[in-house]
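Novice: Produce the entire structure from the sequences given, and follow the hints as far as they go.
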Amino acid sequence: MASFELNKSPQGHVIVSTQMETGEHLLVDVPKMILEWKHVTRSVQIKNANTKEMETKVILNDVSGTALPGELVVIMGPSGAGKSSLLVVISGRQRDFKGSVYVNGSKWNKSTNKKASYVMQDDIFYSTLTVREHLTFQAELQMGKQFNVKQREPRVNYVIEELGLTKCQGTQIGGVRLRGISGDEPASGLDSYMTESVLNQLQALERKGRTMVATIHQPSSELFDLFDRLYLLSDGQPVYNGKASETVEFFSSLGYKCPTYTNPTDYFTRQIIVLDKNSEAADRVKHLIECWRSKVAAMKAKWAIRVKFRLHNTRICPRTPISPDITPILGILLLLPAVPFGGLFLSINDIPDYFVWFACISPVKYAFRGMSRAFWTTVQTIQCDSANEICVAHTGTEVLKYPQLMTEAWDMMLLT
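No gaps in the numbering here: position 157 of the sequence shown is 157 in the UniProt record's numbering, and each next residue is one more.
Please keep in mind that the hints were generated in silico from the structure rather than gathered at the bench.
One should not assume that every hint holds.
[Unchecked claim] Within a straight-line C-alpha distance of at most 25 Å, the following computed SDA-like cross-link-like pairs (lysine to any residue) qualify:
id	residue 1	residue 2
1	K57	S43
2	K295	G65
3	K401	G342
4	K110	H39
5	K286	M299
6	K257	W292
7	K38	K98
8	K52	D276
9	K243	H39
10	K208	V101
11	K57	E290
12	K401	V339
13	K401	Q383
14	K110	E140
15	K110	F97
16	K110	V159
17	K57	R95
18	K167	N200
19	K277	N61
Specialist: Below, the structure written as structure tokens:
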């Protein structure tokens, strides 16, 4: 589980206030951040059990997404889908990957590590210590020598109150992993009540301006309603990334309707599990991944069109004070004088010398020439119905030569 203190308030900062024993408040002004990862790909070398040779396994394949302030983003997927790997990458703990991770538009750097925290899935607690003793020990490590005991203790009190650990602060940790302070997979080993309590605590933190990103395995229907955004992974690729409340509708639009009285997360997980790469499930997951990519491409195109039309309402693109009803009339009036000189009504040889320049700038002329050439070059023979009739042209090429459409100003036609 990764926790980021990110931008949502008008001031753009999270104010952490710790009351000292003297009654004064120690204020820490932490800038909020917007987390974004683009085209993240990560591969590892593994040994093939049969051939004993090293092979490349793609863990994450072109994964992109965002985590905004004040929302709980939950990454879900079957075992081995790449959930923990993605969490490690976007929390700045893994550098061996392709792609980019941005915080407030800038690439992740060392200073960002001081403003973000990552809680691992593995047990990192000393079972012989109490909750308060453990937090005090961590405060001594993290806060350093620039803070004395009197300054560290209020900070420990703040964390205990913030995480809802007041009642168990004097309890020996022992099986704390089973009481909800785990990390990656924070709901692992908990009953439904304790899991809901943990998620409620995460929601309380994100409402204060932090962004919470966590991986949760098989939550209940009640817990699913607590998610703000859902990120579904299968075989290292995104299947869905959006509002959790819209996930059921998305799968239904693809023909995978969640049955009534069925836990949505269980249903989604069953649809994206692949046990055999040659099975029908593999084809289904491939189809779901392609559908999501198509949806992302469509959303990007829709966004680009919106931007294009919105620019007309900005000062960047000034508008002329002409009514939309008058614009077509002006277009006709400007184009009408060019029609007689287009070559359909008058041959270029019949145009007076003082109007030849007008024929050269007529867009109708070059359009007519292009259409004439496209049609008449395909006509091989023109038959005359009677021997008494005079045929001015026997082939399509001769027709083009008659009004001099074949040899003149083709460079201008290309420019037009």
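Novice: Under the criterion that the straight-line Cα-Cα distance not exceed 25 Å, is the pair K257, W292 satisfied?
Specialist: Answer holds: K257 to W292 is near 16 Å, not above 25 Å.
Novice: Given the hinted pair K110 and H39, is their alpha-carbon gap at most 25 Å?
Specialist: holds (21 Å)
Novice: Hinted pair, alpha-carbon criterion (25 Å max): K110, V159. Please report holds or violated.
Specialist: Within the cut-off at roughly 24 Å; holds.
Novice: Given the proposed pairing of K57 with S43, does the C-alpha separation stay at or below 25 Å?
Specialist: With Cα atoms ~5 Å apart, K57 and S43 stay inside 25 Å; holds.
Novice: Assess, step by step, whether the Cα of K401 is no farther than 25 Å from the Cα of Q383, and give holds or violated.
Specialist: holds (18 Å)
Novice: Holds or violated: K57 with E290, Cα cutoff 25 Å?
Specialist: holds (21 Å)
Novice: Would the hint linking K110 and F97 be met if the CA-CA limit is 25 Å?
Specialist: Holds. K110 to F97 sits at ~17 Å (cutoff 25 Å).
Novice: Could you grab the alpha-carbon distance between K38 and K98 and see if it respects the 25 Å cut-off?
Specialist: Distance ~9 Å between K38 and K98 Cα, so the pair holds.
Novice: For the pair we were handed, K286 and M299, check the Cα-Cα distance against 25 Å.
Specialist: holds (20 Å)
Novice: Do the alpha carbons of K167 and N200 lie within 25 Å of each other, as the hint requires?
Specialist: holds (17 Å)
Novice: Given the proposed pairing of K401 with V339, does the C-alpha separation stay at or below 25 Å?
Specialist: holds (21 Å)
Novice: Take a quick look at whether K57 and R95 sit within 25 Å of each other, Cα to Cα.
Specialist: OK: K57 and R95 at ~17 Å, within 25 Å.
Figure legend: structure checked against the earlier numbered hints; every hint is met.
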